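Visitor: Make a model of the complete structure from these sequences and hints.
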Amino acid sequence: LPRLVREFVAQNNTSQIKHVIQILSQEFALSQHPHSRKGGLIGLAACSIALGKDSGLYLKELIEPVLTCFNDADSRLRYYACEALYNIVKVARGSVLPHFNVLFDGLSKLAADPDPNVKSGSELLDRLLKDIVTESNQFDLVGFIPLLRERIYSNNQYARQFIISWILVLESVPDINLLDYLPEILDGLFQILGDNSKEIRKMCEVALGEFLKEIKKNPSSVKFAEMANILVIHCQAADDLIQLTAMCWMREFIQLAGRVMLPYSSGILTAVLPCLSYDDRKKNIKEVANVCNQSLMKLVIPEDDEMDEAKPSMTIPAEPTSEESLSKPEAATTGESQRNELDIIALKQPLSFPCSCERIQVTLNLDGIVQVLDYHLSDTSIGMMTRIAVLKWLYHLYIKTPRKMFRHTDSLFPILLRTLSDESDEVILKDLELLAEIASSPAGQTEEGHGSSDGSDVRPGPVELHVPARAGQLSSSNTKGLECSPSTPTMNSYFYKFMINLLKRFSSERKLLEARGAFIIRQLCLLLNAENIFHSMADILLREEDLKFASTMVHTLNTILLTSSELFQLRNQLKDLKTPESRNLFCCLYRSWCHNPVTTVSLCFLTQNYKHAYDLIQKFGDLEVTVDFLTEVDKLVQLIECPIFTYLRLQLLDVKNNPYLIKALYGLLMLLPQSSAFQLLSHRLQCVPNPELMQTTDNTKPSTSFKRAAASNIDYTELLQHFEKVQNKHLEARHQRAGQAEQLDRRVVL
Numbered sequence: 001l002p003r004l005v006r007e008f009v010a011q012n013n014t015s016q017i018k019h020v021i022q023i024l025s026q027e028f029a030l031s032q033h034p035h036s037r038k039g040g041l042i043g044l045a046a047c048s049i050a051l052g053k054d055s056g057l058y059l060k061e062l063i064e065p066v067l068t069c070f071n072d073a074d075s076r077l078r079y080y081a082c083e084a085l086y087n088i089v090k091v092a093r094g095s096v097l098p099h100f101n102v103l104f105d106g107l108s109k110l111a112a113d114p115d116p117n118v119k120s121g122s123e124l125l126d127r128l129l130k131d132i133v134t135e136s137n138q139f140d141l142v143g144f145i146p147l148l149r150e151r152i153y154s155n156n157q158y159a160r161q162f163i164i165s166w167i168l169v170l171e172s173v174p175d176i177n178l179l180d181y182l183p184e185i186l187d188g189l190f191q192i193l194g195d196n197s198k199e200i201r202k203m204c205e206v207a208l209g210e211f212l213k214e215i216k217k218n219p220s221s222v223k224f225a226e227m228a229n230i231l232v233i234h235c236q237a238a239d240d241l242i243q244l245t246a247m248c249w250m251r252e253f254i255q256l257a258g259r260v261m262l263p264y265s266s267g268i269l270t271a272v273l274p275c276l277s278y279d280d281r282k283k284n285i286k287e288v289a290n291v292c293n294q295s296l297m298k299l300v301i302p303e304d305d306e307m308d309e310a311k312p313s314m315t316i317p318a319e320p321t322s323e324e325s326l327s328k329p330e331a332a333t334t335g336e337s338q339r340n341e342l343d344i345i346a347l348k349q350p351l352s353f354p355c356s357c358e359r360i361q362v363t364l365n366l367d368g369i370v371q372v373l374d375y376h377l378s379d380t381s382i383g384m385m386t387r388i389a390v391l392k393w394l395y396h397l398y399i400k401t402p403r404k405m406f407r408h409t410d411s412l413f414p415i416l417l418r419t420l421s422d423e424s425d426e427v428i429l430k431d432l433e434l435l436a437e438i439a440s441s442p443a444g445q446t447e448e449g450h451g452s453s454d455g456s457d458v459r460p461g462p463v464e465l466h467v468p469a470r471a472g473q474l475s476s477s478n479t480k481g482l483e484c485s486p487s488t489p490t491m492n493s494y495f496y497k498f499m500i501n502l503l504k505r506f507s508s509e510r511k512l513l514e515a516r517g518a519f520i521i522r523q524l525c526l527l528l529n530a531e532n533i534f535h536s537m538a539d540i541l542l543r544e545e546d547l548k549f550a551s552t553m554v555h556t557l558n559t560i561l562l563t564s565s566e567l568f569q570l571r572n573q574l575k576d577l578k579t580p581e582s583r584n585l586f587c588c589l590y591r592s593w594c595h596n597p598v599t600t601v602s603l604c605f606l607t608q609n610y611k612h613a614y615d616l617i618q619k620f621g622d623l624e625v626t627v628d629f630l631t632e633v634d635k636l637v638q639l640i641e642c643p644i645f646t647y648l649r650l651q652l653l654d655v656k657n658n659p660y661l662i663k664a665l666y667g668l669l670m671l672l673p674q675s676s677a678f679q680l681l682s683h684r685l686q687c688v689p690n691p692e693l694m695q696t697t698d699n700t701k702p703s704t705s706f707k708r709a710a711a712s713n714i715d716y717t718e719l720l721q722h723f724e725k726v727q728n729k730h731l732e733a734r735h736q737r738a739g740q741a742e743q744l745d746r747r748v749v750l
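One point on numbering: in the UniProt record's numbering, the residue at position 150 of the sequence shown is 150, and numbering is uninterrupted.
Calculated directly from the structure, the hints in this document are not laboratory data. Don't take each hint at face value.
Calculated lysine-lysine pairs in the BS3-like style (CA-CA distance at most 30 Å, straight line) [to be verified]:
(1) K283 / K217
(2) K119 / K130
(3) K286 / K400
(4) K392 / K282
(5) K202 / K217
(6) K656 / K575
(7) K216 / K119
(8) K400 / K223
(9) K725 / K663
(10) K119 / K223
(11) K216 / K90
(12) K504 / K392
(13) K202 / K298
What follows is a set of in silico ranges between Cβ atoms, one per label pair, in the way DEER data are often shown [said to hold, decoys possible]:
(14) Q445 / V142: 15 to 25 Å
(15) C642 / A741: 31 to 41 Å
(16) E423 / D105: 13 to 23 Å
A quick note: this is a predicted structure, and the numbers were derived from the prediction, not measured. All C-beta atoms in this analysis are idealised placements derived from N, C-alpha and C, irrespective of residue type, glycine included.
Guide: Written out as structure tokens, the structure is:
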């Protein structure tokens, strides 16, 4: 047969050569008899060898029958077919490249052949074909990619190994730029990375590592946007290796592509935020996710608050989602069903636009980001570090893009208030920082139309809040740029809403008030103006219908006022009452403090209104003295012995000018039963010098405290009447509660 073919070649008898190949194909290679098929395969190989360089002219006729035999049920025949094709390719060399796709398709099937001899033969043929591709510069990569993308989703281990080996070969060829087509195969590569075989996983790791090296070398030519959503999906994979690798890629993408990744922020956050709460078993993933989170946060800039989303020139044109890059998304999706909507947010983003390392103007999808952050903050199963990261993100967005963020404030406000009940102090601190920023940002003043959704939050009347003109006139959207001092912050419409809702929260959750109330208020006094906080809360409590809660809240605020180091400046302001603002604050506090008689006296002690304190104590004889009342008097005596009231104890030395202070203290002493507090106060009063000077006459020279009170224009008579009025309300409420309890007891008896 070879001799006959050579003669036809020498004679240039093309028709006879085709006739011989046709006979070998139709009558032998494709025969029904196995031995005839074997002979046909051997004949086609011999024919190819005889043709030599001219075999390239007849490759289609030579290859097709051989490839057909690859599907033969007889393993011996498949082996002969593999051997025949090896000889054909060996002779033709580079001429087989136009037929590469059909050869690759056939080889990918043989790679998974159960017969070891067939598999061994296919490996020889595979190596030969790789050598030809490596040494050639005519490989049709564009035509090959669709086949590679299809075959890469095979679940067979041997087929996967075959695919990865070819990707590694193509990566190593300098003239073949596989990086341009990485978006087509990246999803499949990540799925192969989850194979059960350690060897295949290792090969896939190497392939992905090589691609990442190329991306770092040539970031300007990388299609970052087309691969962003693929990484988002695999960053949520259940397999640790897939998740870690995808997260490492995401980290590099954010750092290399910069703001190009900003339109995909919602999807990235969906994948990254849960990882921040991983334990030490997934420490590596947690660390990489943290870098991704920090890097993404830095991409948000103040200019994003000024960009008009309606302007086409400011946005990157969106293109339809490429289904080819995610041809089998069901195999990669591993998130919970509750997170499907968040995944869709990311997948709706544009999948391709001009990519380069240069700064590109993009539109920040704030709605999607806020939706993701809101979801993770609302989910009680989310870990502490994730909640902290969410609050940091919201705080960052309010700093960088306050104008746009205030559009979402009404929807975020309820969840931020609920977060105050979190178990973690660190979460509460971040939450308070965020709420303080919302309450003090000048951008909030422009959102007057966006009122609270709760109609009861509407402010019933004006309250004089200390808003300095300098701070009140701020119009810049960047609060931090002006460095307002803590004593002169900018207050907006949300400040009062915050105070109302905070008190509502305390009223509905008494455990929160008991466990964290003081902590929350003290932190707010550091973050905002303490005077404004106490002024507004006092004003709100003045209208509180639940008198028992009002009394409890006043007691809490009074304890904070008298004991917290954060309120040192406010205490000094109240102690002197030198300014109209301080006197206005005293009157406002006094009216609410009247809900609790003992705290009212302590406020008078703090402000050195000793005569009025004495007048109040005189009224205590008309009140219902309960165990709780005596307990509060006991606590007040203990407070008098604290450093806060050092000035008061020193004033006991000046009996002539402070007679009502001593009378007030004796009044407290007379209220107390024979207890440890009684002994403590009694011993203190025994130290007062010249007790006979306590007597007051009409000729007594007015004391400095009287002068100050007169100069302050405070109507103490009216304040005393207000005290009696509030106490009568409390008495009626107690009688009403007692009557209800008695009726309930009667019903139980009946």
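Visitor: Can you confirm whether the C-alpha distance between K283 and K217 stays at or below 30 Å?
Guide: OK: K283 and K217 at ~28 Å, within 30 Å.
Visitor: Run the distance test for K202 versus K217: straight-line Cα separation, threshold 30 Å.
Guide: 23 Å, holds
Visitor: Within 30 Å, alpha carbon to alpha carbon, are K392 and K282?
Guide: 23 Å, holds
Visitor: Is K725 within 30 Å of K663, Cα to Cα?
Guide: 24 Å, holds
Visitor: Holds or violated: the 31 to 41 Å window for the beta-carbon distance between C642 and A741?
Guide: The hint (31 to 41 Å, Cβ to Cβ) holds, given that C642 and A741 are roughly 37 Å apart.
Visitor: Checking one constraint from the list: CA of K504 to CA of K392, max 30 Å. Satisfied?
Guide: 25 Å, holds
Visitor: Does the structure keep K400 and K223 at a Cα separation of 30 Å or less?
Guide: 28 Å, holds
Visitor: Is K119 close enough to K130, meaning Cα to Cα at most 30 Å?
Guide: Roughly 16 Å between the alpha carbons, so the hint for K119 and K130 holds.
Visitor: Quickly compare the C-alpha distance for K119 and K223 to 30 Å and report which way the hint goes.
Guide: 37 Å, violated
Visitor: 15 to 25 Å was suggested as the range; check whether the CB atoms of Q445 and V142 agree with it.
Guide: Cβ of Q445 to Cβ of V142: about 58 Å, so the range 15 to 25 Å is violated.
Visitor: Regarding the pair K202 and K298, is the alpha-carbon distance no greater than 30 Å?
Guide: 34 Å, violated
Visitor: Take a look at whether the Cβ-Cβ distance between E423 and D105 falls inside 13 to 23 Å.
Guide: 59 Å, violated
Checked against the numbered hints given earlier, this structure breaks hints 7, 10, 11, 13, 14, 16; the rest are met.
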